[in-house]
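Enquirer: Spelled out from the first residue to the last, the chains are:
There are 6 protein chains.
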Amino acid sequence: MRIVVYPGSFDPPTNGHLDIIERAAALFDRVIVAVAVNLRKEALFSVEERVAMLKEATLEWDNVEVDSYRGLTVKYALQRGASAIVRGLRVLSDFENEYMMALMNRKLDSGIETIFMMTSKEYAFLSSSAVRELAELGGDFSDLVPPCVSRKLVEKFSARWRGREE
Amino acid sequence: MRIVVYPGSFDPPTNGHLDIIERAAALFDRVIVAVAVNLRKEALFSVEERVAMLKEATLEWDNVEVDSYRGLTVKYALQRGASAIVRGLRVLSDFENEYMMALMNRKLDSGIETIFMMTSKEYAFLSSSAVRELAELGGDFSDLVPPCVSRKLVEKFSARWRGREE
Amino acid sequence: MRIVVYPGSFDPPTNGHLDIIERAAALFDRVIVAVAVNLRKEALFSVEERVAMLKEATLEWDNVEVDSYRGLTVKYALQRGASAIVRGLRVLSDFENEYMMALMNRKLDSGIETIFMMTSKEYAFLSSSAVRELAELGGDFSDLVPPCVSRKLVEKFSARWRGREE
Amino acid sequence: MRIVVYPGSFDPPTNGHLDIIERAAALFDRVIVAVAVNLRKEALFSVEERVAMLKEATLEWDNVEVDSYRGLTVKYALQRGASAIVRGLRVLSDFENEYMMALMNRKLDSGIETIFMMTSKEYAFLSSSAVRELAELGGDFSDLVPPCVSRKLVEKFSARWRGREE
Amino acid sequence: MRIVVYPGSFDPPTNGHLDIIERAAALFDRVIVAVAVNLRKEALFSVEERVAMLKEATLEWDNVEVDSYRGLTVKYALQRGASAIVRGLRVLSDFENEYMMALMNRKLDSGIETIFMMTSKEYAFLSSSAVRELAELGGDFSDLVPPCVSRKLVEKFSARWRGREE
Amino acid sequence: MRIVVYPGSFDPPTNGHLDIIERAAALFDRVIVAVAVNLRKEALFSVEERVAMLKEATLEWDNVEVDSYRGLTVKYALQRGASAIVRGLRVLSDFENEYMMALMNRKLDSGIETIFMMTSKEYAFLSSSAVRELAELGGDFSDLVPPCVSRKLVEKFSARWRGREE
Numbered sequence: 001m002r003i004v005v006y007p008g009s010f011d012p013p014t015n016g017h018l019d020i021i022e023r024a025a026a027l028f029d030r031v032i033v034a035v036a037v038n039l040r041k042e043a044l045f046s047v048e049e050r051v052a053m054l055k056e057a058t059l060e061w062d063n064v065e066v067d068s069y070r071g072l073t074v075k076y077a078l079q080r081g082a083s084a085i086v087r088g089l090r091v092l093s094d095f096e097n098e099y100m101m102a103l104m105n106r107k108l109d110s111g112i113e114t115i116f117m118m119t120s121k122e123y124a125f126l127s128s129s130a131v132r133e134l135a136e137l138g139g140d141f142s143d144l145v146p147p148c149v150s151r152k153l154v155e156k157f158s159a160r161w162r163g164r165e166e
Numbered sequence: 001m002r003i004v005v006y007p008g009s010f011d012p013p014t015n016g017h018l019d020i021i022e023r024a025a026a027l028f029d030r031v032i033v034a035v036a037v038n039l040r041k042e043a044l045f046s047v048e049e050r051v052a053m054l055k056e057a058t059l060e061w062d063n064v065e066v067d068s069y070r071g072l073t074v075k076y077a078l079q080r081g082a083s084a085i086v087r088g089l090r091v092l093s094d095f096e097n098e099y100m101m102a103l104m105n106r107k108l109d110s111g112i113e114t115i116f117m118m119t120s121k122e123y124a125f126l127s128s129s130a131v132r133e134l135a136e137l138g139g140d141f142s143d144l145v146p147p148c149v150s151r152k153l154v155e156k157f158s159a160r161w162r163g164r165e166e
Numbered sequence: 001m002r003i004v005v006y007p008g009s010f011d012p013p014t015n016g017h018l019d020i021i022e023r024a025a026a027l028f029d030r031v032i033v034a035v036a037v038n039l040r041k042e043a044l045f046s047v048e049e050r051v052a053m054l055k056e057a058t059l060e061w062d063n064v065e066v067d068s069y070r071g072l073t074v075k076y077a078l079q080r081g082a083s084a085i086v087r088g089l090r091v092l093s094d095f096e097n098e099y100m101m102a103l104m105n106r107k108l109d110s111g112i113e114t115i116f117m118m119t120s121k122e123y124a125f126l127s128s129s130a131v132r133e134l135a136e137l138g139g140d141f142s143d144l145v146p147p148c149v150s151r152k153l154v155e156k157f158s159a160r161w162r163g164r165e166e
Numbered sequence: 001m002r003i004v005v006y007p008g009s010f011d012p013p014t015n016g017h018l019d020i021i022e023r024a025a026a027l028f029d030r031v032i033v034a035v036a037v038n039l040r041k042e043a044l045f046s047v048e049e050r051v052a053m054l055k056e057a058t059l060e061w062d063n064v065e066v067d068s069y070r071g072l073t074v075k076y077a078l079q080r081g082a083s084a085i086v087r088g089l090r091v092l093s094d095f096e097n098e099y100m101m102a103l104m105n106r107k108l109d110s111g112i113e114t115i116f117m118m119t120s121k122e123y124a125f126l127s128s129s130a131v132r133e134l135a136e137l138g139g140d141f142s143d144l145v146p147p148c149v150s151r152k153l154v155e156k157f158s159a160r161w162r163g164r165e166e
Numbered sequence: 001m002r003i004v005v006y007p008g009s010f011d012p013p014t015n016g017h018l019d020i021i022e023r024a025a026a027l028f029d030r031v032i033v034a035v036a037v038n039l040r041k042e043a044l045f046s047v048e049e050r051v052a053m054l055k056e057a058t059l060e061w062d063n064v065e066v067d068s069y070r071g072l073t074v075k076y077a078l079q080r081g082a083s084a085i086v087r088g089l090r091v092l093s094d095f096e097n098e099y100m101m102a103l104m105n106r107k108l109d110s111g112i113e114t115i116f117m118m119t120s121k122e123y124a125f126l127s128s129s130a131v132r133e134l135a136e137l138g139g140d141f142s143d144l145v146p147p148c149v150s151r152k153l154v155e156k157f158s159a160r161w162r163g164r165e166e
Numbered sequence: 001m002r003i004v005v006y007p008g009s010f011d012p013p014t015n016g017h018l019d020i021i022e023r024a025a026a027l028f029d030r031v032i033v034a035v036a037v038n039l040r041k042e043a044l045f046s047v048e049e050r051v052a053m054l055k056e057a058t059l060e061w062d063n064v065e066v067d068s069y070r071g072l073t074v075k076y077a078l079q080r081g082a083s084a085i086v087r088g089l090r091v092l093s094d095f096e097n098e099y100m101m102a103l104m105n106r107k108l109d110s111g112i113e114t115i116f117m118m119t120s121k122e123y124a125f126l127s128s129s130a131v132r133e134l135a136e137l138g139g140d141f142s143d144l145v146p147p148c149v150s151r152k153l154v155e156k157f158s159a160r161w162r163g164r165e166e
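Chains as they are written, first to last, in the working numbering: chain A, 1 to 166; chain B, 1 to 166; chain C, 1 to 166; chain D, 1 to 166; chain E, 1 to 166; chain F, 1 to 166.
Honestly, the hints are just simulated from the structure, not real lab data.
Please note that the accuracy of each hint is not assured.
Capping the alpha-carbon separation at 27 Å, the derived lysine-lysine pairs in DSS-like fashion look like this [stated by the list, open to error]:
#1 C/156 / B/41
#2 A/55 / A/156
#3 A/121 / D/75
#4 F/121 / F/55
#5 E/152 / E/75
#6 F/75 / E/121
#7 E/75 / D/156
#8 D/55 / D/156
#9 A/156 / D/156
#10 E/156 / A/75
#11 A/121 / B/75
#12 F/55 / E/75
#13 B/121 / E/121
#14 C/41 / F/41
#15 E/41 / D/156
#16 E/121 / E/75
#17 A/121 / A/75
#18 D/55 / A/156
#19 E/41 / D/41
#20 B/156 / F/41
#21 E/121 / A/41
Bound conformation, chain A alone:
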């Protein structure tokens, strides 16, 4: 059985993330979507909220599991018995960081491969930070994220939007 880990911040999960999850789920036996706990970086949603949103958004795929982890991604992947780490590529700017991270991961444990998959053209320019910024400025994000994420974003920001209009 081939298991892959799809790690990330998912703050919040977007339709681009779901697109990659669907593609990976079609290609491998099991996909573990893993929210990286980063204590230093301030997040919009808590790790628990992100795990819950991902669980709701991936309900339809039997071979997808959602988890969170601390520390090195390769160590986590090893513990979970994964053969590879899956990373989504959106645009050029992603590539170089991903390449360096993949080289670093390979150095740390040569048994885990990193493979890159492409999001659909529709989501090629979509990122969690773009969604956060759009939400903050009061733009419409409803077709960029799954419905459960959309509801949570409205909850978070509606007080702020009201404040601005007054």
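Put chains B, C, D, E and F on the given structure of chain A with help from the hints.
Expert: Just chains B, C, D, E and F, lined up with the frame of chain A:
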């Protein structure tokens, strides 16, 4: 059974190609290394020579097969029952072309995924054209290609090298 | 009246080109689509064929004119009384060449501005050479080019496709 | 009448910004230079100071207006009746962010076009943050910004420079 | 006598930095490794610690000196009588910032040249921030930094690692 | 004595090349400008013409020598007793090829360093091929190349320009 196609010109095959083949063979059930026949582009080695070199160089892996094909890569992949096309990424310059080709392939047949794998750092800057140029200028390419390719390159270029020295 | 020139090879025109033409026609008083005659570069379609295809494909816009020219683009733009040269940007790889060409044009005549417009996301990865290659390999290009271009491509390549199948 | 909006942080305005303003003013009927209010990002100059500096620096062009706005740029552009958003391109690093922002803007409102203009070669590597850093380190910025900005920078930093020398 | 300055944050020094120092020391008469004091940016190691680590790690080269400086790099290079500033290039992402900084330095003082040298392929993807992140996550960094830096990193992080395991 | 080799096609030499030669001559004891003989690539000027133009254009610098060579650049550099190969960097597109070539050179002979120097901002976007294209299209290249190159270009192209005007 998950079959992937690893297409390319392989003119000649390099240690970087073999590195990707080995990585893909560890991750999928079957890897079809497929030499693309391009009638317009002048090649150093014939398609038959390239297939023969690849066969010799991949003898050790049971789940690797070597073939050649004409026409669209996605059509060939479909015919062979592949789930994905594997592409090796070396450096940034590769990325954009690969990305466009992957988008084009996806457009032509949405059932075939394209996944990118990274060559080892050792081969990150190695290409078939660099090997050809090095051979032409009389440089040492022996640790950049498999032994069978090295022998064929010496055959091709030794007359030319002699001519230059006279 | 603000006139802009949209120069290119258009070999053949694609839906991406038409997308830019439509956007420019909405922003400026007159758009001159100008096929650059390049005697050194071998083309699939003759200049006359390209002008004819562009004329048919741009019939619906009153303020769009199709022409061809030789020599420096800035000189042609000056002769036609244009304020700016319009260039479409598809992906990153375009940018640097365009930037250099724009700097060179500015150097040659500081009175002509170069402005860049973006194609729709739908056509962000589409190029004339991709269309030519697709046509040559027997792929389906019907939704990448205007109908009149599609018919011409079928004419050009149908003999070749028959030859391959035999 | 064709109105364009030229949005930015302008913290502080540089000669590169003025170069774009001058070019846009020659190409469109009205240019609205719009300082984006970003409450989260700490700025060197207040929005009021930035608007004042831009007003002083653009006095010579009749069809240039200076304003500030909150929220989404496309919404502001719509309210002002603009046909397009103008963005200056300096170097490659700009391009990708600009491209994504333009795609996002287009998604939010397809009636507003984004066009890119190039700064003069002289200012191709100049940015507000470079000016701020230069000022902080005590370097000479007098030919990188308009005189009114230069005076304001001297005011801001002279106390700091004195402190360091003691 | 040709003196060059090799400036940087060196927080901490890596084997990639030492690789550049060794190459520069073979090419120029004197290499001044200069730790830039940046009061705004929070650092892992103090300037004193960084200077001490660099001194220990460069003991073997007679023509290498370690120093620290404040303010503009070109001003410091001038004071030290240097002909050039040496910068190491790792990967593409470096290039553009370095290019801009070099242009800015040239503008400030045209008498100081900037030259770029390449790290060994082994260290092409290594950075101080990657080392810091690896240390924080409990990964093995022992062959990425000199032994004296490795010891200091263990000191800094061992308390943190213990805390996590409990 | 530190000798460096500055290799290239120089077809024709431009003011950007001379800018690098001047900078290298100020930094090293001897600069050997070396025209690479490439039998496969069709050139505008013969190797002899290029050497002659470079000699005339570099007359003023005592420590600059012009030569031509065949085969591998590193072998030639070794034969000439050089410590380093100098390469000029213009824009981003250069960087990656240069980086790969430098890695390849280092692999072939670890005793020769490659160092990169930046052209002046004035020539950052200038290349021999841009000059050739400009000359072919009848544009003004007089301030892009040294006077002796300008005369040779006029000789080469004047017949062609007359032909076009008739």
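Enquirer: All the hints need checking, so say for each whether the structure fits it.
Expert: Verification of the hints:
For the given pair, residue 156 of chain C sits about 20 Å from residue 41 of chain B by alpha-carbon distance, which is consistent with the 27 Å threshold. Only pairs whose Cα atoms come within 27 Å are accepted, and residue 55 of chain A paired with residue 156 of chain A is accepted, the gap being roughly 19 Å. For the hint pairing residue 121 of chain A with residue 75 of chain D, the CA-to-CA distance comes to about 25 Å; that is within 27 Å, so the pair holds. With a C-alpha separation of about 24 Å, the suggested pair residue 121 of chain F and residue 55 of chain F falls inside the 27 Å cut-off, and the hint holds.
Straight-line distance between C-alpha atoms of residue 152 of chain E and residue 75 of chain E comes to about 31 Å, which puts the hinted pair past the 27 Å bound. This hinted pair checks out: residue 75 of chain F and residue 121 of chain E have alpha carbons roughly 21 Å apart, not beyond 27 Å. Under the criterion of a C-alpha separation no larger than 27 Å, the hint pairing residue 75 of chain E with residue 156 of chain D is consistent with the structure, at around 22 Å. Annotation: proposed proximity of residue 55 of chain D to residue 156 of chain D holds, straight-line Cα distance about 19 Å (limit 27 Å).
At most 27 Å may separate the alpha-carbon atoms for a hinted pair to count; residue 156 of chain A and residue 156 of chain D exceed this at roughly 38 Å. Annotation: proposed proximity of residue 156 of chain E to residue 75 of chain A holds, straight-line Cα distance about 22 Å (limit 27 Å). Distance restraint check for residue 121 of chain A and residue 75 of chain B: the Cα-Cα separation of roughly 21 Å lies within the 27 Å cut-off, and the hinted pair is therefore satisfied. For a cut-off of 27 Å, the pair hint linking residue 55 of chain F to residue 75 of chain E is broken: about 36 Å separates their Cα positions.
Under the criterion of a C-alpha separation no larger than 27 Å, the hint pairing residue 121 of chain B with residue 121 of chain E is consistent with the structure, at around 8 Å. Among the hinted pairs, residue 41 of chain C with residue 41 of chain F is consistent with the structure: their alpha-carbon atoms are about 16 Å apart, no more than 27 Å. With a C-alpha separation of about 20 Å, the suggested pairing of residue 41 of chain E with residue 156 of chain D holds against the 27 Å cut-off. As the CA atoms of residue 121 of chain E and residue 75 of chain E are separated by approximately 32 Å, the hinted pair breaks the 27 Å bound.
For the given pair, residue 121 of chain A sits about 32 Å from residue 75 of chain A by alpha-carbon distance, which is inconsistent with the 27 Å threshold. Distance hint between residue 55 of chain D and residue 156 of chain A is unfulfilled; the C-alpha atoms sit about 38 Å from each other, more than 27 Å. In summary, the hint linking residue 41 of chain E to residue 41 of chain D is supported, as the alpha carbons are separated by about 17 Å, within the 27 Å threshold. Under the criterion of a C-alpha separation no larger than 27 Å, the hint pairing residue 156 of chain B with residue 41 of chain F is consistent with the structure, at around 20 Å.
For the given pair, residue 121 of chain E sits about 31 Å from residue 41 of chain A by alpha-carbon distance, which is inconsistent with the 27 Å threshold.
In this structure, the earlier hints numbered 5, 9, 12, 16, 17, 18, 21 are contradicted, and the remaining ones agree with it.
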